[in-house]
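Top to bottom, those sequences are chains A and B. Residue numbers for the first sequence follow my numbering, beginning at 1 and rising by one. Residue numbers for the second sequence follow my numbering, beginning at 1 and rising by one.
It is worth saying that the hints were derived from the structure and are not from the lab. A few of these clues could be false.
Using 20 Å as the maximum straight-line C-alpha spacing, the simulated DMTMM-like pairs for lysine to aspartate or glutamate come out as follows [said to hold, decoys possible]:
hint, chain 1, residue 1, chain 2, residue 2
1, A, Lys47, A, Glu206
2, B, Lys225, B, Asp319
3, A, Lys229, A, Glu206
4, A, Lys259, B, Glu243
5, A, Lys259, B, Glu147
6, A, Lys47, A, Glu61
Okay, the calculated beta carbon distance ranges per label pair [as the list claims (entries may be wrong)]:
hint, chain 1, residue 1, chain 2, residue 2, range
7, A, Ile57, B, Leu35, 38 to 48 Å
8, B, Gly293, A, Leu35, 31 to 41 Å
9, B, Phe47, A, Ala306, 38 to 48 Å
10, A, Phe85, B, Ala116, 28 to 38 Å
11, A, Ala135, B, Gly293, 27 to 37 Å
12, A, Arg107, B, Ser25, 15 to 25 Å
13, B, Pro218, A, Leu139, 47 to 57 Å
14, A, Lys314, B, Arg137, 25 to 35 Å
15, B, Ser251, A, Ser100, 53 to 63 Å
16, B, Leu38, A, Ala135, 32 to 42 Å
17, A, Trp66, B, Glu258, 29 to 39 Å
18, A, Ser53, B, Pro253, 54 to 64 Å
19, B, Arg137, A, Phe25, 40 to 50 Å
20, A, Pro240, B, Ala100, 36 to 46 Å
Among the chain B residues that face chain A by a calculated CB cut under 10 Å, a handful are [claimed, not checked]:
hint, residue
21, Asp66
22, Met114
23, Gln180
We put the CB at the ideal spot given by N, CA and C, even for glycine.
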Amino acid sequence: MRKNSAFWLQCLLGLALVALVVLVFRTTQSNLELLGVQSGFDFLWKKAGFSISQHLIPYTEDSPIWAALAVAILNTLLLAVFCIFLASVLGLVVGIGRLSSNWLVSRLSLAYLELFRNIPVLLQIFFWYYVALRALPSLESSIFITDYLVLNNRGLYFPFIEFGNGFSISPPVMGRFAYEGGFYLMPEFLALWIGLSLYNGSYISEIVRSGFQSVARGQWEAGAALGLKPVTVLRRVAFPQALRAVLPPLTTVYMNMFKATSLAAAIAYPEIVSVFVGTVNNLAGRPVEVMAVTLAFYAGVSFLVAWLMGRWNKRITLRGQ
Amino acid sequence: MASDLKPSAARQGLSGWLRRNLFSSWWNTAVSLVLLGLLVTLAARLFQWLIIEAQWAGSGPSACADTTSLCWPFVRARWPQFLYGLYPSEEVWRVNLGLAAGALLGAALAVRRMPARRWIAAFLLLAYPPLAWWLFRGGTGGLTPVETSLWGGFFLTLVVTGSVFWVSLLAGVLLALGRQSRLALLRQACTVWIEFWRAVPVLVLLFVVIIMLPLFLPSNVEIDKLGRAMIAFAILMSTYLAEAVRGGLQSLPTGQYEAARALGLNWRQSRLHVVLPQALAVSLPQITSNFIGLFKETTVLLVIGLFDLLGEVQRAASDPQWLGTGTTAAGYIFVAVFFWTACFCLSRASSRLERRMTRYRAVAI
């Protein structure tokens, strides 16, 4: 009797779902026809006709739209990788700092956590972009951090390894209008990098702290009793065990940070949202396709990361637990 | 007698404290001194920037002749805009009344010995939101209509946070229960829905809903921009809350489910009286941290052309009369102080509530 009712309920549910999908599909179709919007992915092979200020692969206005998409995806991933690196370093340092016996270190770490966690990340990005980086000197009076690292209000210039005959390091050189040679990060990138890393670093520091605190006290003492140096105990005894507690929440923060790179659209750093959802959508007039590609990109990366981190997590969990 | 022995002077008083916590070894001493030096320099520089070099006097744009130093008159001059956006000033009493009523009800709920607390909660959850919306939006009952495109500032931030959270909590609980259902199809549908939206950034979903929703709906149905934005937020928020509630549901021992069934309670009764009260209590920290997250995330609205608190500051700072990094910075600091205070207090309150809950549970079990 119970089984039977469950079966019919599911049939009803399935029918309702199918009906909803069909209804939405039909309405969308007729709406698109009414608006005279074409459909299909053929627009990806048309000429893009717009330039992108930062491209890691060769790209010009004559390139097809799919090349613009590839440029935007690479820009997104570049930003995400930079942010994950800096936020992890910050989080690790501050998280361990919270546990320091030095009162000043642990208090300052706490202050960092509370300051950056409680302010919206978009506001932080705006602050770096519209206030802090605007205050940097202009091209003529650039700051030389070293001979190879140049900072001014057009961005951060640093040397780049060039592969030609063997490889050589090309430092940034003052050209006629700007620094040439080497590689440079635009202010939009810097603001996003600093803002997202500081914000998410605060979350990572909490994860690191609770990870280390989850390691039993006896483990530290046992390490010390074996005559290991405190740094060695931290690296060889505490860290591998803390990693088990840290990895699942860390995955969540990494994913959040990756998703938050979309905030780049607010200051026009050319990643997938500002290039594809913004520019291409306006030019090509294919809203459904543009949105589908964007959603597929984010969902694809998320599932890939979840799968990889899940495998890593499985490898480091204690057997028999 | 052992109790007569005093600790050595090195462990007592201020100097003892300093020695233990700051100067316990040459390495610690070096770190402390370097940090102290940095801290003093930074504090002095900040004090100079925020107070001494900043411009305080005057009221108009002329007060900030120097565009690079902080311009506090800007915040003072644009104060009403930061609070209400473009809401017509002669109707602002409606906003004040609605928000004050909400604050009063919330405060009454926080008093533990309040009589009829249950009824206040029911009113706040069921009657207050539609009443407040009617008051803000107007159009019926003798109130002049105020288009949502005029709403903005602090007011919009609160309206979006409150309404979205209200809808999402209900939807999130239903989704979490659906993910646990014995109906395989319902379970799968809820799982796919939750997992998919969890992967999508809020900004992308905002664009998707703003652009796509009109295409999905019949042409005679129209939802304004604010409504669409709130739908996007609610889709995401309900999946986050569903995950939070699922954590609570999973933490319940199966004995609770079995006991409810043994008592002869049906599905609805067992969820409402046995399962959900306990599960929600367990997931309360998660729920509040999601609430704080939503509160901070409303700032994203400015990207799609709705002006929350940060949006209004941004709009005011791009007024050619006020242009300059000094005005922008002053506006940002104002918003940052507001958000920081609110989020800090909320998370403190949440951890206090959590401690009380654990105590309560420890006694109950």
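Tell me the hint numbers this structure goes against, listed in increasing order. The structure breaks hints 1, 2, 3, 5, 10, 14, 15, 16, 17, 19, 20, 21, 22 and 23; every other hint is satisfied.
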